[in-house]
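Going down the list, the protein sequences come from chains H and G.
Numbering follows our numbering, in which position 38 of the first sequence is assigned residue number 38; successive positions increment by one, without gaps.
If you count the second sequence from 1, you need to add 288 to reach our numbering.
A few of these clues could be false.
Unchecked claim - Derived Cβ-Cβ restraints for the label pairs, each shown as a range:
{"id": "1", "chain 1": "G", "residue 1": "P455", "chain 2": "H", "residue 2": "N242", "range": "40 to 50 Å"}
{"id": "2", "chain 1": "H", "residue 1": "E225", "chain 2": "G", "residue 2": "G649", "range": "55 to 65 Å"}
{"id": "3", "chain 1": "H", "residue 1": "A270", "chain 2": "G", "residue 2": "Q481", "range": "19 to 29 Å"}
{"id": "4", "chain 1": "G", "residue 1": "T572", "chain 2": "H", "residue 2": "M79", "range": "53 to 63 Å"}
{"id": "5", "chain 1": "G", "residue 1": "I510", "chain 2": "H", "residue 2": "K124", "range": "53 to 63 Å"}
{"id": "6", "chain 1": "G", "residue 1": "D646", "chain 2": "H", "residue 2": "L244", "range": "21 to 31 Å"}
{"id": "7", "chain 1": "G", "residue 1": "L578", "chain 2": "H", "residue 2": "K124", "range": "50 to 60 Å"}
{"id": "8", "chain 1": "H", "residue 1": "G253", "chain 2": "G", "residue 2": "S440", "range": "45 to 55 Å"}
{"id": "9", "chain 1": "H", "residue 1": "S191", "chain 2": "G", "residue 2": "S642", "range": "17 to 27 Å"}
{"id": "10", "chain 1": "G", "residue 1": "P410", "chain 2": "H", "residue 2": "V256", "range": "49 to 59 Å"}
{"id": "11", "chain 1": "G", "residue 1": "R676", "chain 2": "H", "residue 2": "V256", "range": "54 to 64 Å"}
{"id": "12", "chain 1": "G", "residue 1": "I418", "chain 2": "H", "residue 2": "E54", "range": "38 to 48 Å"}
{"id": "13", "chain 1": "H", "residue 1": "G104", "chain 2": "G", "residue 2": "I418", "range": "28 to 38 Å"}
{"id": "14", "chain 1": "G", "residue 1": "S642", "chain 2": "H", "residue 2": "D80", "range": "45 to 55 Å"}
Hints were generated in silico from the structure; no laboratory data involved.
All C-beta atoms in this analysis are idealised placements derived from N, C-alpha and C, irrespective of residue type, glycine included.
Each chain is listed here by its residues.
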Amino acid sequence: MKAKSLLAILVAGGVVMGGCGNSDDTKKSDTKTEQTATDTKEVSLDAETKAYKEFALDQLDQFTKATEEFVTAFKDGDMDKAKELYPTARMFFERSEPIAESFGDLDPAIDARLADLEAEGQTKDDWTGYHKLEYALWEDGKTKGYEEVADKLLADTKELRARVETVEVTPDMMINGAVDLLNEVSTSKISGEEDIFSHTDLYDFKANIEGAEKIFEILEPKIKEKDAALAENLTDKFKNVNDLLANYETKDGGYVSYTKLTDKDTKALANAINQLGEPLSQMGTILE
Amino acid sequence: MTESNKETFMDKKLSRRRMLKMTGAGAAGVAIGASGLGGVLKAFGVPDFLEDDTSVENKVNFYGKHQSGIATEVQTHVYFASLSVLVKSKAELQELFKMWTPMAVSLMNGKPIGETKNSYVPPVDTGEAIGVDAKNLSITFGVGPSLFKNKSLGLSHLKPKELNDLPHFPKDQLEEAYTGGDLCIQACADDPQVAFHAVRNLVRAASGKVSIKWTQAGFNSIPVNKEGKRETPRNLFAFKDGTENPRSEKAMNDVVWVQKGESKPWMTNGSYLVVRRIQMHLETWDRTSLQAQEDTFGRYRHNGAPYGKENEFDAVDEDRKDENGNYVLPETSHVFLARQVKARIMRRAFSYSSGVIDHTGAYDAGLLFISFQKNPQQFTDIQNALGRLDKMNEYITHRGSGVFACFPGIKKGSYIGEALFNA
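Use the sequences and the hints to build the structure in full.
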């Protein structure tokens with residue numbers, strides 16, 4: 001793997017540079033360099049990519065289970081239950097989005113918004129997935145007539161879970177994925193355009209952040225080795241965002257409706273996201 | 289202390305500072321943590337000291353007695369940014385200005401703020417100014433009154449008493465969205481993208497340390513006469529703006545540059561910037577007769593000459609009366625009223641146009657008024673003299689406001705605002 005060998009060279013290089021200009025330590029650092037050089041095969045991100053894949057698989061297991069419960073409630077015509085399950089079921093999907101969205105056909109089938117379809121010249125009839133059922137629940141006020149959509153959602157979800165087994169997770173995918181998760185928040189969640197009928201955008205928001213934070217957690221030791229200040233900064237900026245989001249938590253552990261947020265609130269959240277996004281985009285430094 | 293003594297003193301200080309940097313910069317950077325300069329500059333690929341590159345075309349110098357963008361011949365574009373600080377200590381704020389210094393030099397050299405070496409991370413410089421020269425970019429840094437009220441920064445004892453939010457003036461309709469700010473960056477250039485690029489990259493490099501409070505882009509057309517001489521630019525009402533600006537060194541010292549003992553010592557050779565976002569009601573102006581337009585200003589539109597005079601730079605004679613004993617210059621004209629006080633300022637204004645106003649459909653266009661003076665009171669005096677009488681009030685509404693103390697110029701080896709941090 002290209003990333004792996006690059007990393008190995010740089011780690012070794014870093015040690016050499018660390019020894020520079022300190023003649024007393026020259027000998028010591030030389031030995032150290034050699035040691036590191038022989039160790040290079042162990043310096044890889046295989047453990048990290050493996051850990052991330054396990055995380056994604058677990059999330060999608062839970063997503064399948066939660067979707068099953070949601071679809072059951074929906075088809076039973078239990079609107080209250082379905083409305084209650086909708087935002088939390090989606091969170092598993094949103095957390096693992098870098099992986100979930102790697103299938104160009106399944107992602108829109110499960111998560112397309114009407115606005116996305118219309119932009120592509122499709123109509124409400126072509127629309128499937130969670131947001132169509134969101135429309136049924138909050139806008140149309142009925143479940144009748146949407147049974148097929150519900151069935152297809154569950155089938156697509158199961159297929160997604162099955163196909164994810166085949167995904168090869170790369171360090172690149174993780175690093176770009178973390179930034180993409182934040183971009184998702186910046187472009188659709190912060191504007192309330194993700195869940196325009198239920199206004200449960202903050203659940204998706206939180207899940208995207210958790211997804212990015214998981215990637216950071218997995219890579220953190222490597223980042224610390226390379227740039228301790230970056231790791232510290234990221235910890236700090238994740239905390240900022242999470243602290244802000246905590247202001248909008250409800251007693252039951254959920255989140256207030258997006259409609260409750262003022263322009264000032266969304267601006268503060270958007271700023272916190274941008275302040276996190278800049279250092280997050282520097283995580284690629286470990287692939288250098 | 290004589291001038292040469294001062295130089296030696298500076299040099300000594302500089303060399304000690306640089307030595308410290310060479311021996312312990314890395315360690316110091318890490319100690320400061322996430323905001324450490326060493327780490328930040330390293331990440332950006334920016335050397336910690338850069339010189340003005342005088343071989344660059346259309347270049348304004350960064351280093352000097354005064355900051356650029358004040359006495360600098362006005363450029364055709366501005367991108368003005370008012371920022372809030374997020375840093376929690378004086379040391380972090382100091383690091384921020386240290387980080388910005390070589391970046392500003394590089395930008396004013398027409399170069400990116402740093403080189404990208406690793407394709408796995410986003411480019412260091414956003415890149416939209418690649419391939420164009422320096423375009424006379426000037427970058428001016430200032431600090432607002434709110435910065436000194438921020439307790440965690442511990443700067444309150446250094447606040448100049450002149451540095452306060454401007455008082456409310458008659459007919460002000462200030463909007464929070466265009467008012468105040470802890471810091472300002474005024475980027476001016478003969479290219480809108482170069483000006484924008486400068487602010488964008490400085491703010492991006494300072495992610496987590498500052499956030500944008502408000503920004504405004506502005507533009508100017510600068511006519512050039514047959515002899516190739518630049519003329520005073522016109523505002524969107526088509527009248528010349530800046531005719532009465534101080535020009536000689538003495539006038540600049542009298543009006544614009546803070547002299548020793550006139551403010552806090554860290555402001556010596558600095559200047560106070562007043563910015564006002566003034567909406568011009570173009571729709572009503574455009575249905576106003578030429579006579580009424582000229583009466584509003586007290587100058588002729590075609591050449592900018594004051595009433596009763598022939599040329600733009602002829603002295604205004606506010607006492608002159610016609611044969612019937614009436615003042616030639618209307619008593620409600622902008623020029624007449626402004627001259628009722630002794631105070632003078634240096635105007636460095638730009639026009640702006642930012643779409644239309646949602647609820648009225650009117651142009652959101654007008655004047656990004658920027659002036660420099662050694663004391664904001666000079667602006668206040670003039671604005672108070674205009675008061676309710678100014679005929680111009682019918683056509684304008686002040687919607688944004690800010691006042692910033694712009695540091696003195698930066699010496700080679702020093703950094704932006706060093707005098708404040710060493711005070």
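Numbered hints the structure breaks, given as an ascending list: 8, 10, 11
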